[in-house]
Structure formats: C-alpha cells, structure tokens
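The whole structure should be built from the sequences, with the hints applied where relevant.
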Amino acid sequence: MTKYLTLAAFGWLTLTGTLHFAVDVVSHHLRGKHVPGPQTTLYYGLHSAFALGQVLFGMMCLWTVRRHPDMLRDPAIVMFSVAGAGAWLALTVLVMDYWEPKLNAGIFAVLLAVAIAAEHVRA
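In the numbering used here, the protein residues as written are 1 to 123.
Hints are supplied without guarantee of correctness; some may be wrong.
Simulated restraints, written as ranges between beta carbons of each label pair [stated by the list, open to error]:
| hint | residue 1 | residue 2 | range |
| --- | --- | --- | --- |
| 1 | Leu-19 | Ala-113 | 21 to 27 Å |
| 2 | Met-59 | Leu-30 | 23 to 29 Å |
| 3 | Val-110 | Leu-30 | 31 to 37 Å |
| 4 | Val-82 | Leu-19 | 22 to 28 Å |
Hints were generated in silico from the structure; no laboratory data involved.
Ideal Cβ placement from N, Cα and C applies to all residues, glycine included.
Written as structure tokens, this is what we have:
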C-alpha cells in the first residue's frame, strides 16, 4: 500500500504540473491573452518554471519508485521531497493569485505526508 501512496503523491504532482502548464502557459499563449511585454515574459517564465519543475521532479520520483518502492525510508529523499513540497506551497502562496495551484500543492503535500507516515509505520 505504501508504494501506491507514494505513486499517488508523485503521480499527482506530475499530473497537476502538466495541467498547469497546459492551462496557464499553452492556452494563454494560443489565445493571445497577454499583450507582449516584460510582465508577460515574467508571467510565462514563472508559470513555465513552476509547472515544468513539478513535472520533472514528479517523473524522476515516479521512475525511482518503480525501481525502489521503499525509497521514502531514506531520510535524504524524505527531506528533499518535503523541501520541494514546501517550496511549491511557498511559491503558490506568495506569488500566484489563483487558488488552483495552492490546492494542488497542498494535496501533494498531504499525499506526501501520508506516504511518508505509512512508510515509517511499516518499517
């Protein structure tokens, strides 16, 4: 069960990062929602880095979970994952106006906490 919780946490991160990129970067660009300028460049840069960082981190962790299902027993991986969750939560709270990224990062943090707790109870 702990493997599935870990897969759910990092799968959620990958899915929401992909959807965030599709909605906030690709669809805004295709619809021409922002006029060219420095503010638009900052908007696209922030959202691209945020979303693609989630996708990359999530995919790396999904790959690692497939090879090592008990990876959350390693304290370094736990600290790195918790730091990532904290960073994404901080970015959404401090920089982004939308509530959806805040919810998605919060769900990831909760799923990660449950997966870590389940892994340590099992050990």
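Verification of the supplied hints:
Evaluation of the 21 to 27 Å hint for Leu-19 and Ala-113 yields a pass: the beta carbon distance comes to about 22 Å. Here the CB-CB span from Met-59 to Leu-30 is close to 24 Å, well matched to the stated 23 to 29 Å. The hinted range of 31 to 37 Å is satisfied by Val-110 and Leu-30, whose Cβ atoms lie roughly 33 Å apart. Distance hint check: the CB atoms of Val-82 and Leu-19 are about 23 Å apart, consistent with the given range 22 to 28 Å.
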